[in-house]
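Using the hints, put the two standalone chains together into the complex.
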Amino acid sequence: MSVLPTTGVPTTGPQRSITTPHSAGNRLGERIIRRLLRTCAIVSVLTTIGIVAVLLSESLKFFGEVSVFEFLTGAQWTPLFSPPHFGVLPLVCGTMLVTGGAILIAGPIGLGTAIYLSEYAPPVVREIIKPVLEVLAGIPSVVYGVVAVTTVSPIVQRLFGSESIFNALSASIVVGFMILPMIVSLSEDVLRSVPRDLRSAAYALGATKLDVTTRVVVPAALSGIVAAVLLAISRAIGETMAVTLAAGATPNLTLNPLESVQTMTAYIVQVSKGDTPTGSIEYRTIFAVGLTLFCITMSLNIIAQWVLKRMREQYE
Amino acid sequence: MVTHGAERSISLADTPPRRVATTDPRQTRMTETTAASRTETAGPLRSIRPPAFDSARPARSADELAGAAAKIAVSDLNFFYGANQALHDIKLAIPERCVTAFIGPSGCGKSTFLRCLNRMNDMIDDARVEGEILLDGESLRGPRVDVVELRKRVGMVFQKSNPFPKSIFENIAYGPRVAGERNKARLYEIAERCLQHAALWDEVKDRLEDSALALSGGQQQRLCIARALATDPEVLLMDEPASALDPASTARIEDLIFELKDKYTIVIVTHNMQQAARVSDQTAFFFQGVLVEAGATNEIFTNPAKKQTEDYITGRFG
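Protein chains in written order, with the UniProt record's numbering: chain W, 1 to 316; chain R, 1 to 318.
Please keep in mind that the hints were generated in silico from the structure rather than gathered at the bench.
Just so you know, these numbers come straight off a predicted model, no measurement behind them.
Some chain W residues flagged as far from chain R (calculated, every beta-carbon gap over 12 Å):
1. LEU36
2. SER44
3. LEU72
4. THR73
5. LEU136
6. SER164
7. ARG235
8. GLY274
9. ASP275
What the simulated footprint calls covered on chain W by chain R, stretch by stretch (three residues with Cβ under 8 Å from a Cβ of chain R suffice, anywhere in the stretch; the number is not a length):
10. 192 to 201
11. 216 to 225
Ideal placement from N, C-alpha and C gives every residue a C-beta, glycine not left out.
Bound conformation, chain R alone (with noise of 0.2 Å):
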């Protein structure tokens, strides 16, 4: 929740410029920041970097990605912290089995959206939504919602790696014990196929009973990734889950989001554009609470539509 007050913050201090904008948000502030971009570049302009794709990796096709089914579908979604709106009319569908990057600088927004889809922002005392977000069609916000039943299906992984201090096996049987498995033999084979899915078997299978805070960084943040697989999701949200890592824990979690979206979808935030274009199939820029652009990843790194969206990637502001 660290990351959170911090974006909050943010966003509080970027209250003033937004308040320019009355009737079409979007349009004001960007010309607010191409200008602010324009600026700051005054010098030498920097060498555009070419996104690296990684082709033993192929992204899902823009003909796939077309075709697959909305998962989740978000139209005209609003957020309020009290009284700073820090989402603007979000419109967004985020197709099956692929992976979509949120992508943008501190404060934009796009950690708030991530919590929106399995309703972690109920946690917070002054927060309120406006729009609508159906999962399979049907609505996050309605009346007889049970967010324990969501949160089983729409799992997430947290920045800081957050396991239990308990052993690697009670944190894998959280899940499935809260939803009331009772046998160990049972929690047991969801450990390992949980585990071995998270490609951290072979490095623990010998002390599933020793404390998970015994751990490396990156272990422990696979370890999350394992819990949350042990609920049976199918969707998980990643907020930055390698920021704290190493670079080969970094990769290795890539490898294992490259490998998981055969059978979830995923939605992962995360600062490194590299990252994104190396792991997404779709991106979405966010910048001050709107969604500036959203398509097939290759799209945006290579042909963006919007100069905005241009200034970001190739390292101009952010």
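Only chain W is shown next, with the shape it has when bound in the complex (with noise of 0.2 Å):
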């Protein structure tokens, strides 16, 4: 009996080496792919440079001819008339009130049916309730505009004596259902997250469902469920479809949800649309509006993401 086995490397023939003529590391295969998945990811960074650099130089642009103190205070915003004024609150005013009634209305529904979905619901229910909600977030925003225009305006007009067809509320109203998938989502998530260990501890002192949600699960997940929310808001500001179509095109420095208000994101779909001279001072607003939103929107994703990093450190 042969004790060597009989198969593996012979005994005889050339010498076995791990070293390649050509070094290994640069098989061509391999060095093509690196460099194609490196490109893929260069262009979404060069793409954001890009993006970022625009905004700035035609801002800095229309910042050399109006006060950056004026664009942020002046109270009045008709830069397409004369004498012109750029005070962008009108419509950061506009933007807040849509987004504010958009939050009032998705905040509870979206919470509570977060909080249904994780606690309470059987898996029959949530099997339903969740594509239903992932439809909602698949409808087209210029579907809920129309909609909004169509259906929702004329009700608040007849409820509430609007004046206009096109009031924030109807705006409020959509951009409301439009975010409720994603804090249902995402609170979702966070709230299913707690330790199971935490439910138990509770129930075993002699909790009930209601004390286990409220004083135990809510508050563990309350740091994720103030994220979900502050992305929420982040979409709602940068909305521009529904808003546009629905809250109509009239720079308001109102509190007042039946009057007519112009987003900011309206305002830039306006004069990209419309006969501006490109080059214009009325042109750069737009830049100088766009920035705005920029900064707005990715401080509250900043905050977002350093809420949830410390919820995730909170349970490691």
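Spelled out as structure tokens, the structure:
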């Protein structure tokens, strides 16, 4: 009986070596794939840098003619009339009015849905509600806009006596429903990630389901819920199509949701689609407004990420 | 609940030998194991370790144990996870103001049994219980039993310390708060009393508002014990309370158990037989869902009636 295995390296023949004539790390296929993937990753980085660069350079030209102070504190926004006023506050106010209303609608409904799904709903119900929410998230925003103008606005007009068919309230309502799926799915995730040990501990202390939910699960998930709402706010602020259709095109420094307002995004659409000559100061306003918008949403996203990160640290 | 899942899967894996048992599951199973353990120790016999009894902490004497009223009385308890039976005809009395230890290998059903005593198994979807559990003569499973009231009287400490991500004070105050206590001064009184009882007061008295998660593992577990004491329970169930702790913290928990038994009825699940011998007055040995033997701890450890118990406590299997 042979002691050596019959398969394997033949004892005669050329000596095997782990070194190759060409360097192993430089196999052609490997090299191509690596370059290709790196190019893909660089594209998004370059795009971001490019957009920020354009925003900054055009805005700088704008701020060469209009002072930052006037831009940020002026209460009148009439760049297309003469004499022009470049106070961005009416646009910011319009955006905040629509966004605030949207959060007032989507926050409670979304949080309620998330708590129901994670704590109370039997699996069957969850299997139904979650896909429905995904459908809601998949509806194009222009459809929301049309629904706002044709269906929601007339109802708002009749119920609250709004003068215009374009009003902040109907925009708030549709934007609220647009961001609802986002709030639900993000908060449900954080609620479900609260360790089961904590629930057991609370039940063992004689807590009812309501006690466990309101005094243990929601507080433990609070920072995650806050982050979800911040991300939803950021989405609502950046929302364009629905508010352009529903809120109107009247820069208006008001807190009355029944009036027609113009949001920052809607203004940008108006000017981009209009006949404003390229390179004029009116044209450059859209970059200044765009930069303002970008700064607001970016800081919200950064804050949200920071809050989420802190929450994760808490449990590790 | 992690333990639970693990135990559950282990008992599922054990199903085939169990199916053999039809008429008298206890006997069939015992012969099987004895055979198994004999083959396992075919080599030179391991020396039999004498259990370590701590003379500084005397256990209840046999007379005391026999004289103690049964705080919890269990009879003919069967427990099922779906189609798998996890506990078979358990019959056991848990004497008042004594420490009862449940020992046995993983998956033997001791944790499942512990959770039956405060109905924590209710939360498992396809679990089913048959039989009678009496707390002070009152059935735990009657139609009008309020689980919330039951759990206030039968507190629980888990294997993994699980403080709420709140302050130390808020952790203790949770139980009294859900029970309706609103007075802050009263809550502080309760917190001080329970933390002192759990031998944690001196370490945390100056930082009651700090997060409980900043405490060490041993401190967290003592906090969980203090938290369980805050609802003023009569029975304290402990599911391997020291298994995740270092020896020094374990010793502190054991000292604590010894002190607490003057006031509370304590049931402790443990993998560590030395620990059972050190802290308990009565020991119950579980194997494959069957209560093999229960009795005074020094009796079980020095003179077990069943061969299977002897094999387990001398370390021949499990």
